[in-house]
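Same order as they appear, the protein sequences are chains A and B. Sequential numbering of the first sequence, starting at 6, is according to this note's numbering. Sequential numbering of the second sequence, starting at 66, is according to this note's numbering.
Any given hint might turn out to be false.
Said to hold, decoys possible - With a cut-off of at most 20 Å between alpha-carbon atoms, the simulated EDC-like pairs for lysine to aspartate or glutamate come out as follows:
1. B:Lys182 x A:Asp46
2. A:Lys181 x B:Glu340
3. B:Lys248 x B:Glu372
4. B:Lys179 x A:Asp46
5. B:Lys373 x B:Glu245
6. A:Lys331 x B:Glu289
Just so you know, these hints were derived from the structure itself, not from any lab.
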Amino acid sequence: MNKESGNYIKKLALFRSFFISLLAIILALFISIFFVMWAKDFGFTASAKLLFTSIWKGSFGTKVNFIETLVFSTPLIFTGLAHSVAFKTGLFNIGVEGQFIMGSTVATLIGLIPGIPAPIHIPLTLGGGILAGMVWAGIPGYLKARVGTNEVVNTIMMNFIAMHLTNYLVMGPFHKPSSASTPLIQQSARLYRFLGSNNRLNVSLFIGLALAIVVYILLWKTTIGYEIRAVGLSPSSAEYGGINIKKNIILAMVISGAIAGMGGATHTMGVQLQSIQLFGFTNFGFDGIAVALVAKSNPIGVIFSAILFGALNYSSGTLMLYGIPKTIVYLIQGIIILFIAGEYMFRKIADRRKKGALVNE
Amino acid sequence: MNSSFYIALTGIIAATLRSATPLIFAALGGVFSEKSGVVNIALEGIMTTGAFFAVYGSYATGSPWMGILFAIISGAVMAAIHAYLSINLNADQVVSGVGINVFAGALTSYLIVKIFKTNSQTSVVNSLPYPSEAMAKVPIIGPILGELNWFVFIALILVFVSNYVLYKTPLGLRIRSVGEHPKAADTLGISVYKIRYLCVILSGVLAALGGATLSIGVMNLYRENMVSGRGFIALAAMIFGNWKPINSMWACMLFAFADTFQLFAKGFGWTIPGEFYAAFPYILTMLVLAGFVGKTQAPAADGVPYEKDNR
Chain A
6 MNKESGNYIK
16 KLALFRSFFI
26 SLLAIILALF
36 ISIFFVMWAK
46 DFGFTASAKL
56 LFTSIWKGSF
66 GTKVNFIETL
76 VFSTPLIFTG
86 LAHSVAFKTG
96 LFNIGVEGQF
106 IMGSTVATLI
116 GLIPGIPAPI
126 HIPLTLGGGI
136 LAGMVWAGIP
146 GYLKARVGTN
156 EVVNTIMMNF
166 IAMHLTNYLV
176 MGPFHKPSSA
186 STPLIQQSAR
196 LYRFLGSNNR
206 LNVSLFIGLA
216 LAIVVYILLW
226 KTTIGYEIRA
236 VGLSPSSAEY
246 GGINIKKNII
256 LAMVISGAIA
266 GMGGATHTMG
276 VQLQSIQLFG
286 FTNFGFDGIA
296 VALVAKSNPI
306 GVIFSAILFG
316 ALNYSSGTLM
326 LYGIPKTIVY
336 LIQGIIILFI
346 AGEYMFRKIA
356 DRRKKGALVN
366 E
Chain B
66 MNSSFYIALT
76 GIIAATLRSA
86 TPLIFAALGG
96 VFSEKSGVVN
106 IALEGIMTTG
116 AFFAVYGSYA
126 TGSPWMGILF
136 AIISGAVMAA
146 IHAYLSINLN
156 ADQVVSGVGI
166 NVFAGALTSY
176 LIVKIFKTNS
186 QTSVVNSLPY
196 PSEAMAKVPI
206 IGPILGELNW
216 FVFIALILVF
226 VSNYVLYKTP
236 LGLRIRSVGE
246 HPKAADTLGI
256 SVYKIRYLCV
266 ILSGVLAALG
276 GATLSIGVMN
286 LYRENMVSGR
296 GFIALAAMIF
306 GNWKPINSMW
316 ACMLFAFADT
326 FQLFAKGFGW
336 TIPGEFYAAF
346 PYILTMLVLA
356 GFVGKTQAPA
366 ADGVPYEKDN
376 R
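From just these sequences and the hints, can you work out the full model?
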């Protein structure tokens, strides 16, 4: 096979996998129209028009909404990338949620320390968040590699532990009296809000975009990435080829956790500026699953799918204004995940058609 | 023995049984599903639908018993989606479970708005009647019985029924063989697909009953986030109980005890923060999984899709 046709096949495969994501999104939007019809007692076209105009207005339609959409998308870029790295190694890091929480909590604690100049304080706070994420992912990674326990179960447990630990710290030693949060972090630990301090958009967006490119290079242009992907594709052949599976499982989990922790830290440093008592999960980590699935774990694809889900999440407020239950956006998300889980269905149909073509020849 | 100690003790036992019940239902569901080889992360979402539809059934018909039926049907439907994706479409079972969880949460919130015209909470409905005054008159254990509800008894009975079915009947043998070595089971003429469908749908029914316990067993309405992670605690209890019904029941009791104890510990003037009790089940499960406490063994084919043609 010459190089040109190899590239062509690669491109075709890439196109096909994105096509399935696109199909899942379209199908999910289509189904959600029926829920709007049912909620509003409108006809099909009226419901479709109402749903899509309100999603558009609520996400990209006005300047303010567009900025907030990007604020909502930024953490999803991080968590989507974190899931992607794990997926590429054949791991399911449900713990991205907990790693994100720990990243933001530790960033708050370091951010509260007074009297450090910004050039030191910012990297220190960010680094603390990254380290927290690494530790939170490293434990289940280590247990998976050394003891063989399922990372899915352990990371679910670590999510809950992260939530309760954060609540203890927020409501206990770092509690700001008569509130359900910590005090605001020091000015010196905050990320620059380039549209003025009233707009929550900050440089963490660019950190996320740069990180997507770094992850792309890491996965496809370095030996580490090659080994990680080889373990994901076929652990036994990777081992036969001299790749240490255990080392790579731990490594992939730690990288995934570092990205998630970084996402949590930047969210604290740029948007939240404090830690708040958690009555449930932040959902940034869980939404990242859908982001990575839709992007087929492609780091560049993650950027676009993060913006898509950020837009959906943020537009839920506008949906309410138009009398559409805001949970429609989560219905869309759930249906997208279910369709992608069942992508085999699309493949089966395609294969059947291919077989038919062979018979005819 | 002084009487205040006695009251605290019966209170703790009754509260432990009450909060263990939804966990026991869901954990039994997990046992059936995973014994047959299908990982069921969707327990959380199925509990949510069960909790909501129990209230809806009671609201629509006026009878809480119909509520239970509605819950069972809703759980079976949700589980059937998971079964179809995992068994027929070879889906990643964790992805499918996550999808069901997101979908179930959104669907119930949507239905609250649609049916009850409010946000985040349903109207008050008839809950399951329980003769607590008559039960309290039973000698010795009366004070405990008076504080319970019917779901507690159903759950405890189902634990032993499940154990009997799994370990003493031909069906149980088939379930376990499908989860351990589907190819061998298939060779012997056992339909892997049918057994797995049966078990996943059964797990949906059980998890939905667990949800119904929360909504019409303990309270008389459904509130958003009512399940709040209990599906995952049940999953932990199932693993802690080594994928066995009776052991899982004890694990649920232990987790429920930790939960109950935090309320009473405050009364005793103990100063350990509540968050540590809340995190206790998860920490314990991880320690068990890591092999520090006892040893667990998952079914060999757990989470592996089975393809009939692939010999």
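Results of checking the hints against the structure:
1. B:Lys182 x A:Asp46: Roughly 14 Å separates the two Cα atoms, so the pair holds.
2. A:Lys181 x B:Glu340: It holds: about 18 Å lies between the C-alpha atoms, which stays within 20 Å.
3. B:Lys248 x B:Glu372: 9 Å, holds
4. B:Lys179 x A:Asp46: Holds - the C-alpha atoms of aspartate 46 of chain A and lysine 179 of chain B are around 11 Å apart, at most 20 Å.
5. B:Lys373 x B:Glu245: 16 Å, holds
6. A:Lys331 x B:Glu289: Holds. Lysine 331 of chain A to glutamate 289 of chain B sits at ~14 Å (cutoff 20 Å).
The structure shown violates none of the earlier numbered hints.
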